[in-house]
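J.: So you can see what is in the structure, the chains are spelled out below.
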Amino acid sequence: MKKSVFLGSVAALAAVTGGAAMAAEGDTLKAVKDRGELICGVNTGLVGFAAPDASGNWTGFDVAVCKAVAAAVLGDPNKVKYVPTTGQTRFTALSSGEVDVLARNSTWTYSRDTDLKLDFIGVNYYDGQGFMVRKDLGVTSAKELDGATICIQTGTTTELNLADYFKANNMSYQPVNIDSNAEGEQQYMAGACDAYTTDASGLAATRAAFADPENHIILPEIISKEPLGPAVRHGDNNWGDIVRWTLNALIAAEEYGVTSTNIEELATNSENPEVQRLLGASDELGAMMGLDKDWAKRAILASGNYGEIFAKTIGEETPIGLARGLNAQWTQGGLLYAPPFR
Amino acid sequence: MVDISAQPGTSFRLSMLLYDRRYRSMTIQVIVFILVMAAGWWLVDNTIRNLQALGKDFNFGFLFQRAGYDIPSPPIPYNSDDTHLRAAIVGLLNTVIVSFLGCIAATILGIAVGVARLSNNWLFARLMTVYVEMFRNIPLLLWILIVYAIFTEVLPPPNAYRGENPAASMILFDNVALTNRYTAIPTLGLTNDPGHLDLGYRITVDWATIAFAVVLIGGWFIRKAVLNWAQRVQDATGDRPVTWWINLGIMLVPSLLLIWYFGLHLIPPELKGFNFVGGLNVQNGFVALWLALTLYTGAFIAEIVRGGILAVSKGQTEAAYALGLRPNKTMKLVILPQALRVIIPPLISQYLNLTKNSSLAIAVGYMDLRGTLGGTTLNQTGRELEAILLMMLIYLALSLLISGGMNIYNSRVKLKER
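Line by line, the protein sequences are chains F and X.
Using this note's numbering, read the first sequence as starting at 1 and increasing by one per residue.
Using this note's numbering, read the second sequence as starting at 343 and increasing by one per residue.
Just so you know, these hints were derived from the structure itself, not from any lab.
Check the hints yourself; a few may be wrong.
[Said to hold, decoys possible] As a list, the in silico DSS-like pairs of lysine-lysine whose alpha-carbon atoms are at most 25 Å apart:
id: 1; chain 1: X; residue 1: Lys-674; chain 2: X; residue 2: Lys-566
id: 2; chain 1: X; residue 1: Lys-614; chain 2: F; residue 2: Lys-135
id: 3; chain 1: X; residue 1: Lys-758; chain 2: X; residue 2: Lys-656
id: 4; chain 1: X; residue 1: Lys-398; chain 2: F; residue 2: Lys-117
id: 5; chain 1: X; residue 1: Lys-756; chain 2: F; residue 2: Lys-143
id: 6; chain 1: F; residue 1: Lys-167; chain 2: X; residue 2: Lys-614
id: 7; chain 1: F; residue 1: Lys-117; chain 2: F; residue 2: Lys-30
id: 8; chain 1: X; residue 1: Lys-398; chain 2: F; residue 2: Lys-30
id: 9; chain 1: F; residue 1: Lys-293; chain 2: F; residue 2: Lys-33
id: 10; chain 1: F; residue 1: Lys-293; chain 2: F; residue 2: Lys-79
id: 11; chain 1: X; residue 1: Lys-671; chain 2: X; residue 2: Lys-756
id: 12; chain 1: F; residue 1: Lys-117; chain 2: F; residue 2: Lys-225
id: 13; chain 1: F; residue 1: Lys-167; chain 2: F; residue 2: Lys-225
So here's chain X without its partners, still in its complex pose (with noise of 0.2 Å):
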């Protein structure tokens, strides 16, 4: 802007546009808009009078219909004379459940081979290396559907315990089935029970639940200021009182009072008819999503932890040490917390290949989102657009809350400037 006042006598020309460097950029960058517009403009367009054309709307109700159909072990009240909603919302929770322990577990899992990698023991090193390179190789869905059908092949069917000389008998003191369709577990039972709190849409919570949470939460608060008290007394005196005992105590005598009172206890699974009941059965298709998920995405993490741990230069290590720390307070005074700083970003998005991920839980019939409303309902309803756009946009909110959360953790963590 300034040139052109400065150039008195040349006046601006159309060509301008195309062969005037000042003005060229804008040119192409209205141009390319346009043309996206356009495009975007005609794929809608095209879509309407498809729609139209087939004689088809474009509308929500289906939502609000009869479902009909049954999901295996649903975590809310269901059956199916619920709409595709109520649907819909079991599988999202089943895939915010599958994501939300394959997270934990593939973290867990990620820094141990990590940190293992970098062991000075050979085998056991090479060993991690080994994990690391099949798992992140192969692709996610073949680990799924051989853990799968592992499970369904080698072990036994819920008939097999049954009878006089049943061909397979149940692990840990009798409370656990292992069977090719569930692995039946214990329940916990109240002998004194409370009731439940009602929140409305047949959703309940266990007066107890919430008991246990309460006694749990406030006393890791009540934790962490008897560790601060430690602190303040340690930093007048200089003696740290002992406070492991107090903190146990707190932790623990609430609710082994609450196990008490509330008379908890094991119920385990029995075969009665077909298959086990009593207990919890978990799914094959859910255990095996998860184990592949969490094996897979593990041996990323792992990758990125020990990537972390090596950007971290040695002189640090060699300094802790030289002030006298020992190695595993080195790794978690000096090294873990420099090394966050790198793991934490590639680590969301391996949190977030995990979740959309578990959409491959349909390969086990594991019914999780994709299961229920881009499966089942879509199909039912015959309601295609409506229940994939439904489905892009609730990933998306889903992934936006996962890497929100982790990026308020992520600042947290960061180099803090001064």
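In isolation and in its complexed conformation, chain F is listed as follows (with noise of 0.2 Å):
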């Protein structure tokens, strides 16, 4: 008897266990809806991209397309529940149906693309990977690091990237495996290694937190391509509409001058199509992935448009300091292009 109560309970455990691996597939915008809640995979840290505040509010430019969507999707930029990923459980929380949109400075590659069954739906950051070394190693060029023991959070790009460059290179280097940014800093402060890499935004996110940043510098060679963006599963491709567009109308209302402050002014006398089409006084464009007319209006009023975002959160202006660059919309030389919204 003891025997069978015992099986009984593995059965009824089985079936608890197969019933939440359901949820994973199936129609992400009314699950959205109907449980009032965006489920967001967001960095476990990293300041400016996606961190907790003092009070405990995420906040970040990661964090700002997650407030976006939401406000398209649920009418409330507040409305969002931010799950912490590793470098290691973010594809998988995504695939498995635990978040509905990954915005993790996550790079944009092939594989994790089709292999993955992820979709990339644009580049929210242009990004390349580069090394943070202490200043008085005085090491001025990654060409320099050959033998140097260098922390490197696993399951990356940057993993790769950094075994390819010191091969082509012929130097050698001792890998320090470790998991998230908060260990990595602290390996490196420690000194248990020479030289820190992951993308060159993130370096600098993580030099600002410093107490002490003007003695480490981040050394010229950028090494890779890291286009990095917000994903969703691959599958549901009304969803990975609305996040797509979503992403695109910060960086549309940027390019036609539309901020938070004067949003409400330019939806009922704006004179430019385009602005009354994206802001929904013209044509119904939100109908047609499932939302109503004042979709994009709501996700830039979230936290303003793609300009607005980067300001406030790692701009020049901010500890982080990081300028424009390819990050500049392409009237001003930069890569960032919205498809036309018509």
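Put the two chains together into one complex, using the hints given.
T.: Okay, here's the thing in structure tokens:
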């Protein structure tokens, strides 16, 4: 009898786990609306991109994407549940249905898009991999790092780039595998590694959080292309469209000079037909993907247009101090280029 | 069955399946079996359908793709151009190495502490009690992290060994450098190197290593033969020939000859560029994991040993004393052989625990099986199901191997009933 009770509970447990897995499929938009909350996978803590502030509210460049999507879909930028994910857990969290959208400075690569069955819906930050070292080490170029010990976040594209870069330059190194940016910071500060490598934006954000940022330099070599963008599960195209065009709306808003301060005014009396369509003054664009006509307006109002978000979270006025560089509008010599809203 | 034929007239009715005690247990077993099978089928079916919905297939082809990532200090040659399979094997070897060394150290520590807890020295026995209770009752992960943190924060970086007046200096006659990354120890060098044996798959064994192994193992067997001969002489004449110098010579002389022939010497590590080179750099992650596993499991083994010794009745000790055996002879010849029967079975569990606990290596960046196959490979290829299932299979096989080996040993020491 003892045995059959045990087997019975095993069967019950199996039923519960199986049930959770079933939720992964289906209509994400409907699921989010029914839940009344967007679940957004973010970094475990990278100042400027996604980190909780002193009062526990998540803020940052990636977080702003989550807020914009929540505002477009649910009408409230605060109806977001943030799930911190590490480099190792992020894609599993997305494909298992634990999060609806992953906005966690993740690089868009071929195999992630195809083999991992993710859909990167665009690029919100054009980045590249760099190295940070202590100034007193006397190193001025990544080419001088032969034999160095290097801290590297495991499960990332940077891990593979690092191996390729040192091999291509016929140099050797000792990797120290770490799981999160916080751990990397700690190991680097303790001197357990000579250099810390990750996306250059991540290095700048990490350095900004140091007590002595002036004693650390980011080496000039950028050894890879790292187009960072939000990702959704492959297969739910409508949901992918919603996230993609929310991001595009933020970028287009900057291009057309729509900001969080003048948006109400422009929504009623803008002469530009593109702005009228974007803000729902004319055509019903929102209905085409199952939203109302004010979706883009709410998304922009959530934390401003792309330029405003950039300036507020990681721009030159912030401690992180990143220049727009490649992330300027195409009209300013950058790569940001939102397709037309029509 | 016999009862049924003994009662003519009562034929089988369906309700008897539930109300007749002869059938009821069978009915319950059949129902539970069907439920379990259904649940299993449902789980598999659900997995297949969910994988299909995600557009993923189930295959192990990824194991033969280029891994692309590096592993610090691999036990066999490995670089980023090798396959995921080789990376997994490197991880498995790392798991085996830390588990094996951990089991040995934990056993030695456990026996010492277990015996010490029974010591008549009050302070010594209490100190051991404190150790056992401290390590048994705090999660292993915390011990691993704290040992690692101590290494990282307290020890100097390799840089501190640089310059005219270095902040840190090497110990043991400039042979060992403790740093916050690794412990740099000397390696053995040969002036007269006979080369190595190629086993294929870029795995090689030095001829010198083979020579030493042959000499030591051969010496061990000769020593056994000498002891047997001494026993025979003792049985025949009553006088035991003095054998210690023969045994010492058998083990020592050929080894010394080999050392002289090969020109074996130490190559101390030296600071070049960013790190110590020349010697062997033992990663702190490994040392921290090994030390924490040893201290943690050692505490459990100490309790098992203490329990085993206490299980041998006091009369045995008194009888041994009455025969004139000294305390350490009593322990070796009377108590331990009997205590081992009680100690071995729970000891097997501790070995299995240690091996499985070694997967906490991920916390300190030691690339064991969990770190390679279940970590980076899983993440880079996105083959969660395959990687985890394969990893479970490997840990299962490893554990069964250990318990199989230990069971053979157990059957040799257990009470022989005639």
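J.: Take the hints in turn and mark each one as holding or not.
T.: Verification of the hints:
About 19 Å separates the Cα atoms of Lys-674/X and Lys-566/X, which keeps this hinted pair within 25 Å; it holds. Between Lys-614/X and Lys-135/F, the direct Cα distance comes to roughly 19 Å. Compliance with the 25 Å bound is thereby established for this hinted pair. Taking the CA atoms of Lys-758/X and Lys-656/X, the gap is about 22 Å. The hint holds against a cut of 25 Å. Annotation: proposed proximity of Lys-398/X to Lys-117/F holds, straight-line Cα distance about 7 Å (limit 25 Å).
At roughly 63 Å between alpha-carbon atoms, Lys-756/X and Lys-143/F are farther apart than 25 Å, so this suggested pair is violated. With a C-alpha separation of about 20 Å, the suggested pair Lys-167/F and Lys-614/X falls inside the 25 Å cut-off, and the hint holds. The straight-line distance between the Cα atoms of Lys-117/F and Lys-30/F is roughly 21 Å, inside the 25 Å bound, and the hint therefore holds. Proximity of Lys-398/X to Lys-30/F is assessed by CA-CA distance (about 24 Å); at most 25 Å being required, the pair is judged to hold.
About 17 Å separates the Cα atoms of Lys-293/F and Lys-33/F, which keeps this hinted pair within 25 Å; it holds. Simply put, Lys-293/F and Lys-79/F have alpha-carbon atoms about 20 Å apart, close enough for the 25 Å limit, and the pair holds. Simply put, Lys-671/X and Lys-756/X have alpha-carbon atoms about 20 Å apart, close enough for the 25 Å limit, and the pair holds. Using a Cα cut-off of 25 Å, the hinted pair Lys-117/F and Lys-225/F holds, with the two alpha carbons roughly 21 Å apart.
Using a Cα cut-off of 25 Å, the hinted pair Lys-167/F and Lys-225/F holds, with the two alpha carbons roughly 17 Å apart.
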